[in-house]
Amino acid sequence: MSANIDVLNPSKPKRVLLVVANPSESQTTGWPIGFWAAEMTHPHYEFTEKGYQVDVVSPQGGKVQLDSFSDPRDASGYSAHDLISMGFLNTPKLAALLENTKSIAEVKIADYDALFLAGGQSPMYTFIDDAKLHKFVADFYE
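Counting the sequence shown from 1 gives a position; our numbering is that position plus 1062.
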């Protein structure tokens, strides 16, 4: 954990901004889609275990949803083995992070040490043409 502590300001942990997609609809099936659970919950777990402060946002803000097959509670059983996602979803404090995300316009990218974009089906449709998200990522990089 010492590698994650700012030796000049040890009381200030490194900050990670985790971006998830807003809900969308599959252009192929017409089904509702979201981000892939493990692509958000596993990094969130790793970052917080290392002592990072993690904030979850979405391009438009508001409630976000998982791709159904990535939800370990889904009747298909496809991701039933994903214990990290199951733990995240069954921890009220963590599950609440998905209920009302801030939009990327509401955060100052300069306040963060790392930027992580979670994948899934919705990001394939919603991230590709989102000029504001592209600028946001470019601003972080630059």
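There could be a bad hint or two in this list.
[Stated by the list, open to error] In silico BS3-like links for lysine-lysine, alpha-carbon gap of 25 Å or less: (1) Lys1170 - Lys1125; (2) Lys1125 - Lys1164; (3) Lys1194 - Lys1155; (4) Lys1155 - Lys1125; (5) Lys1076 - Lys1164; (6) Lys1194 - Lys1112; (7) Lys1076 - Lys1170; (8) Lys1197 - Lys1112; (9) Lys1170 - Lys1194; (10) Lys1197 - Lys1125; (11) Lys1076 - Lys1155; (12) Lys1076 - Lys1197; (13) Lys1112 - Lys1155; (14) Lys1125 - Lys1074; (15) Lys1074 - Lys1164; (16) Lys1076 - Lys1112; (17) Lys1197 - Lys1155; (18) Lys1170 - Lys1074; (19) Lys1197 - Lys1170; (20) Lys1155 - Lys1170; (21) Lys1194 - Lys1074; (22) Lys1164 - Lys1194.
Simulated from the structure, these hints should not be mistaken for laboratory data.
Status of each hint after checking the structure:
The hinted pair formed by Lys1170 and Lys1125 meets the criterion: a straight-line CA distance of about 20 Å does not exceed 25 Å. Using a Cα cut-off of 25 Å, the hinted pair Lys1125 and Lys1164 holds, with the two alpha carbons roughly 9 Å apart. Of the supplied pair hints, the one linking Lys1194 and Lys1155 is violated, its CA atoms being roughly 29 Å apart against a limit of 25 Å. The hinted pair formed by Lys1155 and Lys1125 meets the criterion: a straight-line CA distance of about 15 Å does not exceed 25 Å.
Between Lys1076 and Lys1164, the direct Cα distance comes to roughly 19 Å. Compliance with the 25 Å bound is thereby established for this hinted pair. Restraint check: the Cα-Cα separation between Lys1194 and Lys1112 comes to about 30 Å, which exceeds 25 Å; the hinted pair is violated. Distance hint between Lys1076 and Lys1170 is fulfilled; the C-alpha atoms sit about 15 Å from each other, no more than 25 Å. Simply put, Lys1197 and Lys1112 have alpha-carbon atoms about 29 Å apart, too far for the 25 Å limit, and the pair is violated.
Between the alpha carbons of Lys1170 and Lys1194 the distance comes to roughly 14 Å, so the proposed pair stays at or under 25 Å and holds. Annotation: proposed proximity of Lys1197 to Lys1125 holds, straight-line Cα distance about 23 Å (limit 25 Å). Under the criterion of a C-alpha separation no larger than 25 Å, the hint pairing Lys1076 with Lys1155 is consistent with the structure, at around 20 Å. About 23 Å separates the Cα atoms of Lys1076 and Lys1197, which keeps this hinted pair within 25 Å; it holds.
Taking the CA atoms of Lys1112 and Lys1155, the gap is about 19 Å. The hint holds against a cut of 25 Å. At roughly 29 Å between alpha-carbon atoms, Lys1125 and Lys1074 are farther apart than 25 Å, so this suggested pair is violated. Simply put, Lys1074 and Lys1164 have alpha-carbon atoms about 22 Å apart, close enough for the 25 Å limit, and the pair holds. With a C-alpha separation of about 10 Å, the suggested pairing of Lys1076 with Lys1112 holds against the 25 Å cut-off.
Our distance criterion of 25 Å between C-alpha atoms is broken by Lys1197 and Lys1155, whose separation comes to about 31 Å. With a C-alpha separation of about 17 Å, the suggested pairing of Lys1170 with Lys1074 holds against the 25 Å cut-off. Taking the CA atoms of Lys1197 and Lys1170, the gap is about 13 Å. The hint holds against a cut of 25 Å. For the proposed pair Lys1155 and Lys1170, the alpha carbon gap of about 23 Å is at most 25 Å, so the pair holds.
Under the criterion of a C-alpha separation no larger than 25 Å, the hint pairing Lys1194 with Lys1074 is inconsistent with the structure, at around 29 Å. A distance of roughly 14 Å separates the Cα atoms of Lys1164 and Lys1194; the hinted pair therefore holds under the 25 Å criterion.
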